[in-house]
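Q: Taken in order, these protein sequences are the chains called A and B.
Quick note on this note's numbering: the first sequence kicks off at 70 and runs consecutively.
Quick note on this note's numbering: the second sequence kicks off at 39 and runs consecutively.
If you are wondering where the hints come from, they were derived from the structure by calculation, not from laboratory data.
Each residue gets a CB set at the ideal place from its N, CA and C atoms; glycine is no exception.
No incorrect hints appear here.
A few chain B residues that face chain A, going by a derived Cβ cut-off under 10 Å, partial list only:
1) P85
2) I86
3) E89
4) V92
5) L94
6) R96
7) K98
8) S99
9) S157
10) A159
11) T163
12) A165
13) F170
14) S171
15) D179
16) A183
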Amino acid sequence: MKPAAVGLMLAGALAGAPSLAAAACWVPVPAANSIVFNTTQAGAPFQGQFTQFSGRVCLSTNAAEPGLIRVQVQAASVDTGLPELDDALRGPDFFDVARWPQASFVSESVKALDTARYQATGKLTLRDVTRTITVPFSFTPTAGGGARLQGTLDFERLDYHIGLGQWQDTRWVGNEVDVKFSVLLKPAGSNAPAAPAGRRNTR
Amino acid sequence: MDHTAITLVPLRNTRERYGLIAQAFHWVIVVLVVAQFVLGFMAHGLPISLERLVLLARHKSIGITIFVLVVLRLVWRLYSRPPPLPPSPHPLFDTAARVSHGLLYALLLAMPPVGWLYSSASHLTVAWFGLFSLPNLVGPDKRLAQALLLTHESMAWLLLATVTLHVLAALWHHFLLKDSVLLRMLPFTRIHERKRESV
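Looking at chain B on its own, in the form it has when it is part of the complex:
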C-alpha cells in the first residue's frame, strides 16, 4: 500500500490534480445547483401560494449563494491555476472541454442575475435567507417578467444539457480513456498508479 498516494490533497491545485479549495468549490456548487433544479421544478407552475413563496425564497437565496461562490471560485482559479488538460484523442476534444467549462461558468454567473431581474419585474424583492434584501433592478412589468422567466428556464435547460455532457465526459475519461480526469477532482483518491497507466 502506497501511503503517500492517499494522503490529504493539498489546498492549492497541483500539476496533477485540483487542490482541496477548488474541489470544495466544485462539489458545494454541485450540491447547490442540484437543489436549485429541485426547487425550481417544484415551484414551476404552482399558483400563488405559501408553498410557492417558500420554495422560490429558498431558490433565490441559494441562487445568490451560487453566484458569490462562482465568483470566488473564478478568483481562486486565477490565483491557483487548474491542472492542465490531459492528452486527448483529438484537439477538438480540448476545444469541447474548454467551451463546455466556459459555458458552465457563464450559465452559473448569468442565471442568478436573470432570476433577480425576473423577481424584480414580478415585484417580489429578493432576500438572502431573510437576512438582507437586494434592490429591485426593474419595476413591476408582467411582459418583461414573462420574457425573463423564459430566459431563466432556457438557461436551466442549457445548463442541464451541459452538466450532462460534463458528467458523461468525466465518466468517459475515467472508464474508457482510463486517465485521472475524474480522480483529480476527488479527495482521498490514489492518482499515481492511474496516472502512470494513462501516460
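The following block holds chain A by itself, in its conformation from the complex:
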C-alpha cells in the first residue's frame, strides 16, 4: 500500500467521514524511549524502559468494525541503565521473564474521543495477572503515512504481583507505576520487513 493511500484513508478517518476502508492498521517502529516506566525508590523517582516490543494498531470510524490495539512487550528487554538492576527486575521477584516472557495489552474496545484522541479499554497482562484497564491515547499522523501514538498508562504494581516478598514494601519501592508510551507507527503491510504484528495467535 502506498503511503499516499494510507494518508488518504487516515485523513478520512480523522475527518470522521466515511472512509474507503473501515479500519487502517499500523505497526510500531521500535525505538529508544518508546515505552518508559516511572515509579519511585526510597522516595526518589525511578525510571526505566522496555526496548523490544511489537504490536498492531487499527483505528476505525465505523462502529461496526471497532479498532484494535495489541501490544506485546518483551519483559527481558527492561533497561534501567544499570545491568545488575535489570537482572534483578528480570528475576523471580519482579517480571520473572523465565516464566512470563511477555507483557501484553489487547483491546476490547477503542473509542474516538475527538479527532486525535482515543480511549482503549482492554486486558493488560503482566506476569500471571490479567486485568481490564482503560488507556487514553493520542494518535498523530506524521509525514509519510506514519503516525505517533502517545499516552500514559497507570497501575499499581502489586496488583500485578510485581515485587514479591521483601519488595512488597511500598514505602521503599513505590506501588504506583506510570508507563508513558510514545511509539512511532508505520503502515502495516508496507514493504519494510514486517514488524512481528502477526503474533496475534501465538498465545
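Let chain A serve as the given structure and place chain B on it in line with the hints.
A: Same frame as chain A, but now just chain B:
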C-alpha cells in the same frame, strides 16, 4: 567548689574554649559520621535487595545532612573564630593540627557529592528522607559508577585514618600534655584549673 567554672558554656567561642554552637556542630557531626560508617559497611557488598536499598537510602539522607551541617559549621567558624591552638612542643605539631583539621573538613565536604555522583551514575536518584530528591548529576554509567564508588571508599578510609589521628591527638593533649584541648570541646567541664596547670 568553683561554681563559676562549671556554668553553661556560652554560645559563641571564647579565647579559652568552643562555644555551645560549635560544640553542637562537632558532636552531632560525630554521631552522624559514625552512623555513616556503620550503614556504609553494612551495605557494602550486599546484592540488590530491600535491605541494601534501605541502608543506602538512609546513608544518602544522612550524607546530605552532614554536608549541610559542615557548610553551616564553616560559616559559623568564620563568624565566631575558634580558640587559638595551645602552645605545642614543636611548630610541626601546629602544622599537623591545621592539616588534619583541613583534611577532615575537606573529606566531610567532598564525600557527599562523590556519593551523590555515584548514585546518579548508578541510576538511583538521591532523596533526603523521602521528602525531596536531588537531580541526577550524570546519566547511568557502570564504569563511572565503579570509579566513583572506589573514590568514595578511599575517602572513607582516609577519613577513618584522619579521625583516628584526631582522637589520638585529643587524648595525647589531655593525658600527656595535660592541656585543655579536649576539655574545650566538651560542655559542663571545668577548664580554669586545667588551664592554669598547662600554662
